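Generate coordinates for the entire structure from the input sequences, incorporating the hints supplied.
Protein chains in written order, with our numbering: chain A, 1 to 213; chain B, 1 to 229.
Take the hints with a grain of salt, since some may be wrong.
[Stated by the list, open to error] Derived DSBU-like pairs: lysine-lysine, alpha-carbon spacing no greater than 35 angstroms straight-line:
(1) B:K184 <-> A:K92
(2) A:K82 <-> B:K100
(3) B:K100 <-> B:K59
For the record, the hints were derived by calculation from the structure and aren't laboratory data.
Please read these numbers as outputs of a predicted model, since none were measured by experiment.
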Amino acid sequence: MPALNTVFARWTNSLNRLAGYQMAMMRYLPGVFFLSLLSGNYPVLANQSDIVSARWDSQQIRFRYQASMTFYTCDALENKLKNLLYAIGARKDARVEARCFDPAHHAQHHADALLAFAIPVFADVGMESELADDIFPARLQEIMINRRKYRHLAPGDCELFADFRRQVVDKLDIVIVAKDSHCRSGFFAPSMKIRILQPHVSEAGHQPEANID
Amino acid sequence: MPVSNALSLLLVLLCVSADAAGALQKCTAVSLDLPDYSADPIAGFKPAAAYLAEIDELKKQGIYSPALVPVLLEFGLLQQQNNAHDAAINYFTAAMLTMKVNNGLYHAAQLSIIDLLITSHIALENWQAVTDYYDKKYWLINRNYPDGNPAILPIIKEVRQWHRDAYNKQTGRSLQQHFTVSEKIYHQAMAVIERCGGTRREAYCFWHRACCADARPEYGVCPLDKFSE
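If you want it as structure tokens, here you go:
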């Protein structure tokens with residue numbers, strides 16, 4: 001049957017192409033790793049001149065997810081969103097409350113979520129004296145958000161990731177250095193390179209404590 | 001810290017309205033008619049026994065004598081500085097009750113005392129009480145200054161900030177309730193800024209002081225274009 005042969009040939013070609021991608025990735029992996037080290041994807045000790053004063057700034061964002069390809073249960077959506085918030089530098093006490101329209105354990109076609117979290121921002125010069133206790137050292141860092149670093153990201157998350165970028169990242173003082181345009185294909189997990197202010201890890205490994213109750 | 005300084009600080013918080021008025025040319029900020037405790041020269045704290053004796057003496061004039069208010073506040077401040085916050089709250093509450101009896105239930109003069117109460121409740125981590133007092137502050141401001149006086153902006157901004165910061169605290173409110181109050185205050189403030197001829201930039205700077213001076217080249221540009229909530 002020629003039609004079946006054509007389908008089989010296309011399928012084989014796709015597999016070969018995927019294998020080719022894998023080979024190419026293996027070939028370039030050391031280079032990519034070296035470049036990522038250079039670009040500051042991994043925490044490094046900063047020069048004193050890079051360190052700035054920062055404070056936690058609380059944010060409230062209403063998030064709406066309208067699924068066309070990937071459906072999440074309410075709990076899964078909350079977890080995904082919380083992990084994405086942590087990936088963009090939110091303090092570890094972020095709260096996400098999804099309001100789902102179908103029963104909570106069902107996959108949701110659309111859901112609203114309330115995101116409440118704190119992220120580091122530059123401490124305003126005028127505020128330093130008023131809130132001296134809340135000021136901590138930080139530095140601008142470029143970080144890569146991808147599956148290699150965040151295991152929870154899956155190819156199916158592209159839709160959610162795009163909504164998150166549009167509704168959350170774009171509203172914050174975060175610079176998107178590079179974003180992946182291949183995400184929609186369904187083969188690749190979402191990825192994005194951003195520049196954010198992160199608490200400075202001192203040589204003693206001390207980080208500012210979160211004010212968690 | 002001398003009592004006069006503490007009271008002055010309190011008033012500074014309430015009187016920063018001048019900044020808001022300066023930016024919004026089309027409106028005249030009508031000064032909030034709040035009691036000026038700093039006008040009463042207080043050199044420093046007296047011994048606790050002296051306050052108690054004075055309070056007893058003043059109560060002979062009537063248990064709600066207006067002369068009691070500054071003494072109760074001063075004694076409350078002394079307790080607050082000694083970290084006796086429960087006692088401080090009792091004296092501040094008594095002062096507020098006395099003020100209500102003399103000036104009326106909804107008089108704006110309570111705003112100054114509410115700030116003192118909030119400080120002590122924060123120290124005790126009574127987050128529900130803190131939220132209640134912030135809500136009361138917001139309600140009092142709207143009752144006393146319903147016409148959108150720009151002088152209210154710093155105060156309602158402070159209330160909104162609390163509702164943004166409170167997400168990780170046991171306030172007895174749902175996240176949805178915090179969002180609702182916060183958004184309500186945001187729209188109210190934006191209406192005042194717009195009515196007073198404030199520009200988009202002034203509005204942005206009002207909410208985000210850290211970025212408005214373009215002093216952050218690291219971010220590329222001050223994200224005024226991102227300004228929508």
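Okay, the hints, checked on the actual structure:
| no. | hint | verdict |
| --- | --- | --- |
| 1 | B:K184 <-> A:K92 | 27 angstroms, holds |
| 2 | A:K82 <-> B:K100 | 46 angstroms, violated |
| 3 | B:K100 <-> B:K59 | 16 angstroms, holds |
When held up to the earlier numbered hints, the structure conflicts with hint 2 and nothing else.
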